[in-house]
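Chains as they are written, first to last, in the working numbering: chain A, 1 to 319; chain B, 1 to 319.
One thing to keep in mind: the hints can contain errors.
Which copy is meant is left open, so a pair is good if it fits within one copy or across any two.
Claimed, not checked - DSS-like, lysine-lysine: derived pairs with alpha carbons at most 30 Å apart:
1) K276 - K294
2) K15 - K41
3) K72 - K12
4) K314 - K264
These aren't lab readings, by the way, just hints derived from the structure by calculation.
Nothing here was measured: the structure is a model prediction, and the numbers come from that model.
Given next are the chains, with one letter for each unit.
Protein chains: 2
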Amino acid sequence: MPADIFIERIFKNDKRAVSRAISIVESGNSNSTELLKELHKNIGHAYRIGITGPPGAGKSTLTNQLTKYYRKHDKKVGIIAVDPTSPFTGGALLGDRVRMSDVGSDAGVFIRSMATRGSLGGLSKKTIDAADILDAAGYDIILFETVGVGQSELDVARAADTTIVVLVPESGDSIQAMKAGLMEIADFFVLNKSDRPGSESAIVALRTILMLRDHTEKSWMPNIIKAVASENIGMNEIADEIERHQSYLINNGLLKEKREANYKVRIKEIVEFLLKNELWKSERAESLEASLAKVVEGETSPYQIAELLFNNFKSSIKH
Amino acid sequence: MPADIFIERIFKNDKRAVSRAISIVESGNSNSTELLKELHKNIGHAYRIGITGPPGAGKSTLTNQLTKYYRKHDKKVGIIAVDPTSPFTGGALLGDRVRMSDVGSDAGVFIRSMATRGSLGGLSKKTIDAADILDAAGYDIILFETVGVGQSELDVARAADTTIVVLVPESGDSIQAMKAGLMEIADFFVLNKSDRPGSESAIVALRTILMLRDHTEKSWMPNIIKAVASENIGMNEIADEIERHQSYLINNGLLKEKREANYKVRIKEIVEFLLKNELWKSERAESLEASLAKVVEGETSPYQIAELLFNNFKSSIKH
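Hey, can you work out the whole structure from these sequences and the hints?
Dropping the structure here:
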């Protein structure tokens with residue numbers, strides 16, 4: 001298919017074209033750069049929402065219900081699941097992707113799970129590339145579902161316009177979340193499964209921790225919304241809070257600022273990716289390979305080999 | 001303090017010197033490279049054990065008990081905790097580091113928690129640098145405790161000689177572990193809290209999943225060891241299994257192979273780190289900053305800016 005027809009199909013939200021485009025960026029091959037450049041002129045309309053939290057907090061169920069909510073309000077929803085513990089991701093073997101099938105068959109919903117593993121890394125780069133494709137295809141809302149443990153997963157959540165941290169009223173849960181860095185990235189919290197015992201004390205604990213934070217520079221105070229996603233309770237309140245946060249960002253000129261900050265991280269990642277490709281061309285990869293036995297024997301150190309390779313790279317560019 | 005005296009003190013396991021050395025590698029300042037080069041000639045004696053698994057599996061308790069076991073056998077133990085959900089890490093505010101105090105005051109034990117956050121990344125690089133320092137200081141056993149969710153955390157666990165995945169007999173736990181990539185890295189499993197209901201069926205489920213793996217090339221089949229770490233049950237069996245795996249690696253020439261593979265990953269990381277430092281010197285950092293507004297406006301794409309910066313970097317090396 002000629003490139004312009006392919007691009008046109010993506011703009012028209014032809015799901016097969018969208019799916020193929022995401023596969024292209026996921027594979028990281030050279031076509032992906034051209035594709036993303038072409039799509040870029042059509043993006044910026046979708047609102048991006050990160051849904052994160054510890055494993056078992058019910059993020060998938062919440063994503064599912066929130067999707068239904070937005071569908072009722074005629075918004076097209078793209079879902080990118082990058083949670084290694086989520087039933088959307090890596091669950092093909094056991095067939096539990098089925099759980100999402102009620103929204104998955106809807107023409108206004110696109111679901112994609114992204115592999116969280118792979119030696120090349122670049123998880124957040126690929127995830128955001130995929131979001132750009134969905135944005136260009138006309139999805140109004142993009143939901144990133146990602147487990148809130150691990151640096152790259154946090155990076156994904158942080159790349160959203162509004163980041164929701166989902167917790168459950170279990171002992172120490174909010175404290176764990178704080179340790180894992182979830183407190184800093186939350187624009188608001190959802191206390192899911194809030195019909196369970198301990199719900200009120202979890203809210204008290206969470207509020208206490210929130211008050212410990214430094215608020216001097218921030219005019220936005222994260223709220224705590226109660227929900228029972230499995231029974232579709234709290235979705236209105238969550239959607240309202242997302243809208244309230246969106247308005248806050250827009251009215252204070254912060255949406256642009258936040259998106260600029262996200263682009264900064266992303267451009268850095270792309271440049272580093274290009275550089276690594278050039279760095280690990282065969283000659284240096286082979287020379288690295290040849291040095292390993294000596295490092296294990298203690299004849300030379302990893303840092304000495306690294307310096308040699310670094311200097312070799314620089315002189316290869318010079319000539 | 002002159003560098004040679006400092007190095008001598010590390011070799012003599014002066015805890016203050018060891019602690020300072022780890023702070024130097026953690027800060028990533030330029031002294032760290034020289035320090036690690038000096039220490040490298042004295043390393044390779046410690047046996048490195050990764051302890052990983054989902055949050056709540058009892059990794060810290062197990063690390064604690066295993067440490068006591070090795071102390072009884074006159075082995076010096078260094079612990080590096082990189083688990084954002086662990087009480088050792090980031091728990092200073094709430095004072096729950098106390099939990100480890102029974103081994104922490106022992107002269108033959110060194111505990112260090114490493115920050116899992118920080119915009120520079122490089123978690124596994126710093127963690128392994130810290131392990132090298134403990135190795136050079138004469139610790140016989142190095143335990144890495146890390147949560148098994150997230151790419152960089154998996155990288156830490158993978159950098160060990162023997163990797164233990166700790167699970168609990170809760171429904172779906174082993175399946176979650178498989179999805180999160182824990183199955184591939186486990187040299188053996190510990191089913192902790194195995195006095196809880198569901199223990200036997202968890203073992204059956206885990207065995208089933210293990211049998212689904214491709215074993216054609218591997219002569220090592222991961223075992224499942226039952227334990228109740230909080231009651232000090234199963235530590236002998238775990239230590240025996242570690243020893244059995246160590247012998248297997250040594251007798252088949254695989255320990256050297258594994259360490260070579262780990263050094264390869266590490267050297268790559270160091271070279272990339274050096275390169276990034278040069279890449280993001282002020283001029284390019286400023287030019288990136290200046291382009292962000294245009295990207296948000298859709299005038300240019302992140303990929304176009306990335307290419308410009310990449311080319312600028314190459315020509316700066318040429319001249």
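We went through each hint and held it up to the structure:
1. In the homo-oligomer, the alpha carbons of K276 and K294 lie at most 30 Å apart both inside one protomer (24 Å) and across protomers (26 Å), since each shortest distance falls under that limit.
2. Within a single copy, K15 and K41 get their C-alpha atoms as close as 20 Å, which meets the 30 Å cut-off; across copies the closest is 58 Å, which misses it.
3. Taking the closest pair of Cα atoms, K72 and K12 come within 30 Å of each other only inside a single copy of the chain (21 Å); across copies the shortest separation is 69 Å, beyond that limit.
4. For a Cα distance limit of 30 Å, the shortest separation of K314 from K264 qualifies both inside one copy, at 25 Å, and across copies, at 20 Å.
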